[in-house]
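Peer 1: This is what each chain is made of:
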Amino acid sequence: GAGVSQSPSNKVTEKGKDVELRCDPISGHTALYWYRQSLGQGLEFLIYFQGNSAPDKSGLPSDRFSAERTGGSVSTLTIQRTQQEDSAVYLCASRAGQVTYEQYFGPGTRLTVT
Amino acid sequence: AQSVAQPEDQVNVAEGNPLTVKCTYSVSGNPYLFWYVQYPNRGLQFLLKYITGDNLVKGSYGFEAEFNKSQTSFHLKKPSALVSDSALYFCAVRPSSSDSWGKFQFGAGTQVVVTP
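Top line first, the protein sequences correspond to chains U and D. This note's numbering puts the first sequence at residues 1 to 114. This note's numbering puts the second sequence at residues 1 to 116.
Treat the hints as calculated values from the structure; they're not laboratory data. Positions of the beta carbon are idealized from the N, C-alpha and C atoms, including for glycine. Some clues are possibly wrong.
To be verified - Taking lysine to any residue and the SDA-like style, the derived pairs with C-alpha atoms no more than 20 angstroms apart in a straight line are:
no., chain 1, residue 1, chain 2, residue 2
1, U, 11, D, 42
2, D, 58, D, 40
3, D, 103, U, 114
4, D, 103, U, 58
5, U, 11, U, 24
6, D, 103, U, 60
Claimed, not checked - Chain D side only, calculated, beta carbon under 10 angstroms to chain U, not exhaustive:
no., residue
7, 6
8, 11
9, 49
10, 58
11, 61
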């Protein structure tokens, strides 16, 4: 399939542990987004990568959250010292480029912090 | 600051009846408006967008939406709902003048339930 893929699909972790979530965007898409979806809260923007530009990190909720995108393709969202309030579905989306508008979303990673 | 409101948590409609999902927005300048749908255990799928031009835009699966600048609304509509339209619908906005393409604001979502 040529869609956005995310792994793992589910992750259960203990409070205080670090987790890494992976996103493989559609090949050739230069823009990549991370969102957090909590029940009844809609989608919360976390971070945005566009090509080689500096990422827009304005949505990251705390310094425990970080993300990188290697080689302009795969992205990893890292949450350090997880807290119970981090439990949510983390969605990744990619977009073809600056003159396109549609985002293509992955199936998400459901994170549960116990 | 931009914002999106979807005033209904859930919309219930009988199959074959018209479906409307409401969305209002607040943004500086002209908006770019979007609708996405999320089926159970799947990622969001793009339905349609308004960027400029005709206020009535048509999208996937028979859906359409009307941009109303005076009411700052972008309601999603379908003339005849199907059971398979049951899903979670999200409205999103981005100001056209934004320097960063990251500044999409999504609504909280509206659950649509279509009964046979």
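Peer 1: Given the hint that residue 58/D pairs with residue 40/D, test it: the Cα-Cα distance must not exceed 20 angstroms.
Peer 2: 24 angstroms, violated
Peer 1: Would you check the hint for residue 103/D and residue 60/U, treating anything up to 20 angstroms between C-alpha atoms as holding?
Peer 2: The hint holds at about 13 angstroms.
Peer 1: Hint validation: residue 61/D versus chain U, beta carbon distance must be below 10 angstroms. Holds or violated?
Peer 2: At about 15 angstroms, which exceeds the 10 angstroms cut-off, the nearest Cβ of chain U leaves the hint on residue 61/D violated.
Peer 1: Starting from residue 103/D, check that the Cα of residue 58/U is at most 20 angstroms away, please.
Peer 2: It holds: about 9 angstroms lies between the C-alpha atoms, which stays within 20 angstroms.
Peer 1: Can residue 58/D be said to touch chain U, with a Cβ gap under 10 angstroms?
Peer 2: 15 angstroms, violated
Peer 1: For the pair we were handed, residue 103/D and residue 114/U, check the Cα-Cα distance against 20 angstroms.
Peer 2: Violated, at about 32 angstroms.
Peer 1: Holds or violated: is there a CB of chain U closer than 10 angstroms to the CB of residue 11/D?
Peer 2: 15 angstroms, violated
Peer 1: Report holds or violated for the interface hint on residue 49/D, using the least CB-CB distance to chain U and a cut-off of 10 angstroms.
Peer 2: 6 angstroms, holds
Peer 1: Would the hint linking residue 11/U and residue 42/D be met if the CA-CA limit is 20 angstroms?
Peer 2: 16 angstroms, holds
Peer 1: Does the nearest C-beta of chain U fall within a distance shorter than 10 angstroms of the C-beta of residue 6/D?
Peer 2: Since the shortest Cβ distance to chain U is 8 angstroms, the answer is holds.
Peer 1: Given the proposed pairing of residue 11/U with residue 24/U, does the C-alpha separation stay at or below 20 angstroms?
Peer 2: Given that 20 angstroms is the threshold and the Cα spacing comes to 17 angstroms, the pair holds.
Of the numbered hints listed earlier, those contradicted by the structure are 2, 3, 8, 10, 11.
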